[in-house]
Structures are given as C-alpha cells and as structure tokens.
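*Asks:* If you read the protein sequences in the order shown, they are chains A and B.
At position 152 of the first sequence (counting the first as 1) the number is 152 in our numbering, and the numbers step up by one without a gap.
At position 128 of the second sequence (counting the first as 1) the number is 128 in our numbering, and the numbers step up by one without a gap.
Any given hint could turn out to be false.
[Claimed, not checked] Only pairs whose alpha carbons sit at most 27 Å apart, straight line, appear in this in silico DSS-like list of lysine-lysine: (1) B:230 <-> B:309; (2) B:306 <-> B:200; (3) A:162 <-> A:242; (4) B:200 <-> B:230; (5) A:162 <-> B:18; (6) B:75 <-> B:63; (7) B:18 <-> B:3; (8) A:242 <-> B:200; (9) A:109 <-> A:199; (10) A:76 <-> B:18; (11) A:242 <-> B:230; (12) B:230 <-> B:306; (13) A:109 <-> B:63; (14) A:76 <-> A:162; (15) B:200 <-> B:309.
Read the hints as simulated data drawn from the structure, not as lab findings.
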Amino acid sequence: MVSPFVWAILISFMEKTDIIAVPPRIWPSKWVFANYIMLSQVAPFFRFFLNSLLISSVAVLFIAITCPMAGYILAKFNFRGLGFVFGLILATTFVPLETYLIPLYLTVKTFGWVNTYQGMIFPLLISSTGIFLLRQYIMSIPDSLIDSAHIDGCSEFGIFWKIIFPLSFPATSAVVIVNWVYTWSQVFMWYLVMANTEKMFPMEVGLMYFQRHFITDYGGMMAAAVITCIPALLFFCIFRTKIIEGIAYTGSKY
Amino acid sequence: MQKGPFFHQWFGRPGSLKRGRIIFIWAVFIPIIFLFLSIRVFPIFTNLSLSFTNAHLIRPVTKFIGVRNFFILFKDLQFIRAFRNSLEFMVIAVPGEILIGLIFALLLTRKVRGRNIRGEGLFQTLYFIPYILPMVPAIIIWRFFFSPGEFGLANYLLGLIGISRVAWMSNPRVLLLAIIGIHIWKNLGFFLIVFLVALKAVPRDLMDAARIDGASGWQTIIRIEIPMIKPTLLFGTVLATLIAWSAFTEVYTMSQGSDVSSGAEIQVLMLRMYQEVFTYSNTGKGSAISMVIFIMSVIFILIEFKIFKGKRI
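This is chain B alone, in the form it adopts within the complex:
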C-alpha cells in the first residue's frame, strides 16, 4: 500500500529523523506514561467512584449508593475519633518537624567568630540516621523505652529528674503524643537537610550588606534568611502535612503490642481505612475514608499555600 503525503507528514518518511523520533516516542514514552497513568492517575478516579458505591471484596454485587458511605462514616464514633487523632497528628507533627528542623538548620549555619561551626557533618549524620532506619524496628525500640514495667527507661529517667511516672502505654492521649513524638524524631533529619541546603544557598553578600547597614543577627534571620527560603519552607510544610495524614506504620505497630490496651483509641484515619478494607472487606467505605484523607490533605495544603505565598516578601 502506497502511503500518501499525509501519512508521511505525520509519521515521517522511512529512515528519516522524524520517523526515528516518532518510533522512539512510541516505543519508550507511551509505555512509561501508560504505567504512570495506571499507577498514579487512574487510581484517584477509581477511589472517587468506589467511595460512592457499596463495593465489597467478597460480595460480587456492587451498587451505586451515592453519598451514603459518607453519612454512615460521619455518624460512626470510631471514625470521628480517628479523624480527631489524625487532625491532632497533623497539628502537632507538622509545626514540630518544620520548626525544629528550621531552628537546627539555622543554628548550624551560624558563624562563630567568623568560622563555621565544627561538627556540622556529624550533627547532620546523627540526625539523619533515624530517617534512614525503617519505622517498625524504631517503634519496637521506643515501645520498650516507654514500657510500663520497672525497667522502662522513660519512667526511670523521669524519676531521676523527679517527675512521677507517666502512663505512656495505657493512657491513649499520652500514647498518641508519644507516637507523634517518634514521628517527629524520625523525620527531623530530612527537614534538617533540606533547610540546611536552602539556607546555604542564601547569598552571603545580602547578609553582609545587611550587617553593614546595622542589622543585628536576629534581624538578619527574620528579615532576610527566612523570606529567602520561603519556597523551601512551603515545600517542607506540604510534605510534612502529607506524611502526617498518611501516618500508618507507627500506629499500626504500636497497637499490635501486647501491653497496649488502647488500640482503638489511638487509631488514625489511615489505619481505619486499612481496617475497613482488610478486616471488614468493605472497599466502598474504605475508599470513602481514603477520599476524606485526600480532601483534608488538599484543604490544608491550600491553606499552607495561602500562608506562604500570601504575605509580602
């Protein structure tokens, strides 16, 4: 079959540059993009559509039931508890990680008598190691640290200072705070590194000019360095929000222990979704919870964009 000029206009003559490029794109790009779409894009729509049905892992009949899933959820006491826990998680973990990471990064970039602080590499490494370690062993180690027995190091150390023992494991409010603390401990290294790199990229002559103009150290920090790293701060905050909302491993591992009597009280939304889908086989409700997590994350990210982009530099 003779290919006409229209075909050659689009697909190039055989052996031409254009034909080579088109073949490359089709052989390489389209499969990758297809894989990308099926892993990252289509599932969002599947999630959305599933949340409006009563899909079930075992029962084969799926019916469209509209927003009934959401109504059932919002009346469920356990869901509300999980929602509050997730909110608490985000409210404490995100500022914690960002602020502490920022403060440490600022400290590491101070000049003492004109020279950089020594031991910066060591500090970086020490704080970065918890980020590298897998979460499950870390939680197991911390759980032993907070043990209620006589050998629990946490209570022992508190006793040394003179504070009475805290019921770490049996009081769910305290346990949630402890888990959030572990979450912050683990992710601090990442934010420290990111902020450190961003702070180092602030041009030194800006700082020197301000110093010459008479700005004190504190003023250079507030008025110059922090505004200069605003994009990085926004990036960090968004990332911290997302990982706070999808926290799962910490809470799951903690509540698998034998000395935790408050498994249901410290539940987080993501854990609730897991329970809904894999214990109760209810994918419709699970998708609804997933959509709630997604929507809450998006809401807070939009708020953060407003905060960081709204103010004047």
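Pulled out of the complex, with its shape left as it was, chain A reads as follows:
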C-alpha cells in the first residue's frame, strides 16, 4: 500500500540515468542528494511549509475552542430554537467544502480577503462534525458537577474553562487531530482558489504549480513530492494512535 511512496523516495535519490533506465530500477546504484539540493532553488518550499503550518494551526486552535463551547451549549442548555440549530448542524455535517465554494469565494471577495491568510482560513473555522461530537461527549458530563460549581459561585465562563473544557479533552483532541489532518492534506480546491501569489501557497498548491519545472526531471519531481509528504508523515509517526483513534471516534458516533 505504501509501496508507491517508498518507491518515490528511492527514485528521489537516484541519478538521472538511473531513473530512465530500461528495465526500471528499484534500488539506486548511486545515492545522490542533488535532487533535494536543487529543490530550494526552484521554489520556496520552506515558505510553503510555513504557510500550511500557519493555516492549519490557526484553524485548529479556533476549532479547539469553539467546538466545546458550542457543544456545551447544545448539550446542557435549553431554550427555544436550540433543537433547530442542532438539526441544522447535523444536516450540514457531511456536505464537503467544495459545494459552497462559489458563494464562499464571493463572500471572501467582498471582504477583500482573497489571497490572504484570513481568506484561506475562513471556511475552516467551523467543524460541524466537531460540534456534534462534542455535544454527544459533553452530554455525558454529570449535571451535578455544573450545579455544584454554580452553588460555589462560579461564573458561566469559569464553568466552561475550568470544568467543561478540561473534561471534554478526549473528544476535543480527537476533533483537533482529525481537523489538522483535514486542513493539511484534504483541502486543496479552496487553497487553490484563494492563493494567487507564490508567497501564499500552502504545500500542495506550491507543489502543483511548480511541477511544470520538473517535466522530465523525474528525480526532482519525486523529491518535491516526498518533501510535501514529509510533514504529514512526521505528524502521523508522532500521533499515530491518536489519529487512528480520532478517526475511529469520528466515524463511529453515528
């Protein structure tokens, strides 16, 4: 399953003559790093990485705070219209971002946020799945905890920050991790639409634009592809169990 990726790594270390050899070679006869060194002259890949990092971090931070808040209110409060709002959230959970692309683009355009970080982050701030999951989780927090906090004179904000937020940590971390992976590897169309100058490209879009430099330079192309995959892979190696648990949690709550 991962063999294409492994093969790409091997190719990125091969010389040009090795790559187009017939029959195709799997193992390089000589390990060269020239492909990777050439990369930094072709495109500012590090800048792309920083862009991706910024976008994902801000989006995920926002989600980590708004999802528990919304989930807490949906789970523990009761007023008119709350059920309707919950129904709306449920209904829009699965709809992918690309469906709203045109109106979102027009909205962001009227704000003048095209080709800015705000514009790229804007639709990633709300996660319907996240709110739904947090609601289900917070519903299991006993009401007596909250009531006793009220009796002891805790303010509403205090209750949220000191009780609900720490207690809902497992669900929040699952949502955070799933959304990080999502904003890093699975949002492409929106970034493509938003980023118009080189400096603003996230990793995938940068790779997309610069692949025309490598038309026959397969070694360089593979090196660029590998570099784009490295952060996601690193993240996966560090958080492997958490990621799989998070995805399983997201998928199993229905």
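Start from chain A and add chain B according to the hints.
*Replies:* Relative to the frame of chain A, chain B by itself:
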C-alpha cells in the same frame, strides 16, 4: 431607566444565574452560530439563487434568467461528458471503497484458532498512510508510475506477467479508471478503520450463541455481523458518495501534466465548475453546476438510505 418585571423575567436580575447564562449565550453562542450560518447555511441559498442568474465575476450587471443556465448546460457536450465521468466515478469508487474496506475489516477480525490475527496494527497503519498523505504528491507519484515511457513501472510490471502495455495516460477511459483506482487506494484506510471499529463493537456473545446453534462462519458474517453494523455501513456509503461527487484534486493534478493529451475527456463535474468560474468567470453557470452536483449527491444519498434502512434486519 427602571427595568420592569418583564425585562427581568427574560433577562434575569443583575448578577443572577439567569443573567449569567444569558450573557454567556449571547457572548459565545450567537457569534459561533452566526459564523456557522454564514459558512455552512447561507452559501447554499446563495448558490441556489446564483444558479438562476447570469452572474459574472467581471461584468457587474446581474440579471435573473430563470432555468436558462440549466438548459444551456444540458445541451453542452462537455458538460454531459463531465457528468458521465462523475457518475462513473461514483459508481466505481463507492462500492469499491466500501466493499474492499469491509472485506479487509472482516478479515482482520477473524479469529484463527481462537486468537486474533497478529499484525493487525501494522496492517491498519499501512493502509491508513495513504489517507494521511496529501493528494497532490500522491497523484504525481502515481503519474510517474503510469508513465508511457520505457521506465513506467506499471507497464513493466504488466510485461512481467505477460500482458501487453496499456495506454494509461493517453487513453481517457483507462486514465479515468486509473484515477478512480488512486481515489480508492487513498480513501481505503479511512473506511477500513471505521468498519473495523464497528465490527469490534458487535457483542461477542451474539456470535458465540450463533456458533453454538450451529451457524457456520460464513453465516455468522452475513446474518449477524453485517446487519449489526448497518448504521456504520450507511454512514460510510454516504460519505463515500459525497467525496466521489466532489472529487477534484485527482483529476485537476492529472490533467496538468505534460504527457496527458486527454485533459478534457477525463473532466469531472467539480473540475468543470472550477473551470467555469475561474477560467470563464461565469459564476451563474458555475453555481448551476454546483447545484447539479448537490442534487445528484442528495438523490444518491436518499437511494442509499432506502437501501440500508428499507430491508429488515
């Protein structure tokens, strides 16, 4: 100004519990809900209304033209081709992902001589890695794999088995199938994990009771496990349908290459929408295409609901 009892009934006395809750809701919930509505709900209506106009990114005058956009679309040969490609995408990718994910998940939960299969974690990880990786590098790597030159590994491997070379990149029918295959390869891990978790939640005593009553292994699978995970199957199928209809990155990246002569033939609806809005600046038509995608997705999701909820458990 003295606030009367009516005001206090709704907004609480100063410093009261009720007042605290109301302030919390207004300061926290309303902004979040407003953001949610403007990102997730209002755009659907904007899409709908735009699709009935001839809105344009550059031309400032917008006129309401009714369903003319849709008529123009359905007569457009390129649109019909894209529509057929999207349909093909869904028809092949959704059953592919669900079935293969289900089969692998079932395999991983078999007990061999009373013990679980070893290496389950490794298997999970291996299949999950393609899901984590971004799509663009994956497509670039696969494109090299399917290269038409002498060094294209795909043709080489086929040659080893004895099958003649396939024109992966220049034959659009084959290329679309290859792209769908890549799509399935990438998303398999997700469905594998979801189904694995669901299968593990099936209570073991049900299975043991069936075993005692004389059911064979195959029967326990068909009659017990699969019906027990029906909600998860429905969820998976709906999700697979949605991501199949909104497939964009794969096709866009593939057709940006220099050795693909069939860019227009493998176009998918979402790519067509992108082209319409950002190359031809025609947001009205683009919204119409978006509505078509939305409606087709909803139709198939309703069909799937019927299939999964209609049969008796």
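*Asks:* Checked against the structure, which of the hints given earlier come out wrong?
*Replies:* Failing hints: none at all.
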